[in-house]
Amino acid sequence: MWIQLLSRNSWAVVLGVILSLLLGFGALGEGYAGKPPATPPEPPPPAPAPSPGDMEIIFTGKIFCSLKRRVDLPFKGVVTSLRVHSGQKVQAGDILATYRLSPESMAAIKQRLSPPQLSDLEIKLAEADRVLVPLLNKKRELTQLVEKKLAPPQSLTQANQEVALLQKEKATLQERLNNDRQLAQQDQELLSQLLGMGVKAGQVPREVALKAPISGYVILVNPEVRDGAELTPMPAAFLVGVMDPMVVRAQAFEIEALQIKVGDQGEISLDALPGEKFQARVSRISWSSSTTAPEQPAYYDVELQVPNPNLALKEGLKARIILHPSR
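Going from the sequence shown to the numbering used here is simple: count from 1 and add 31.
Hint data in this document are derived by calculation from the structure and do not stem from the laboratory. Please note that the accuracy of each hint is not assured.
[As the list claims (entries may be wrong)] Computed cross-link-like contacts, DMTMM-like style, restricted to lysine to aspartate or glutamate with a CA-CA straight-line distance of at most 25 Å:
| # | residue 1 | residue 2 |
| --- | --- | --- |
| 1 | Lys199 | Asp211 |
| 2 | Lys141 | Asp160 |
| 3 | Lys169 | Glu200 |
| 4 | Lys99 | Asp275 |
| 5 | Lys120 | Glu255 |
Note that the structure is a prediction, hence the values are computed from the model and not measured.
Given the sequences, and given the hints that come with them, work out the whole structure.
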């Protein structure tokens, strides 16, 4: 009897558990059916592309004069007057310094103004003319005699050969003389430029001048150049440069260089002049890289022009460049 009762209770428990599970699944099904499925969140909107005015390329460079010419001391001499100083404004042709030529310099200049080879060629040419005249007379006489059959034709042939040879030698001498005269004229003009005044053969001034080749500012005076100094020939006794505008020379990495174009605007700042900014414009970009090795990155030379009316910028200053490339 207890066994039958226990069996009946066990079956009742099992049926109750099954009924509970079925009711629970039904409730869950009704719950899922009553709620719509959740939608995934929308992706954020893409960031707006930067406008050309917002783009910047930053790199560094150095400031240089936009044009620069050097003045050499061509001959040994003693400085008699130094007339300029660094930073002084000059015009083309202004005297920078005067100096007295040494005796050996004067002798060398006189020899250049009267080259001895010119005299030798002139003498040889005159000698050829002196010999050619009787040969032409002899040729003319032999021509008449051969026509009259009073002289053998071989004699006239020999005379013709002698005349032709001498005429060829004379033409060669004349060509050499003309070339040497032209070279001497060019050398005379060069000497006049180097000495700062016109010179002629036999007329060499004792004191000469160094002059400014362009209008601008004296940016360098060699420290050896001073009144009374005896100097040997030296390069770059003076440097004269144009300081308005100035230029900034820099190197841009290949990715940046491809974005830069002539005419792009930017600004520069200097550690030496804190708080000041100067407007700049790209004036030149190289089309070949300064580095050619395959394992090295490519850099391109970039030049910017900067107005400098107040002469605040000087050659050699380091500059920070902020460039706004155009699109």
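Okay, the hints, checked on the actual structure:
Between Lys199 and Asp211 the alpha-carbon distance is near 18 Å, which keeps this suggested pair within the 25 Å criterion. Between Lys141 and Asp160, the direct Cα distance comes to roughly 30 Å. Violation of the 25 Å bound is thereby established for this hinted pair. For the given pair, Lys169 sits about 19 Å from Glu200 by alpha-carbon distance, which is consistent with the 25 Å threshold. Of the supplied pair hints, the one linking Lys99 and Asp275 holds, its CA atoms being roughly 12 Å apart against a limit of 25 Å.
For a cut-off of 25 Å, the pair hint linking Lys120 to Glu255 stands: about 21 Å separates their Cα positions.
Hint 2 alone, counting from the list given before, is not met by this structure.
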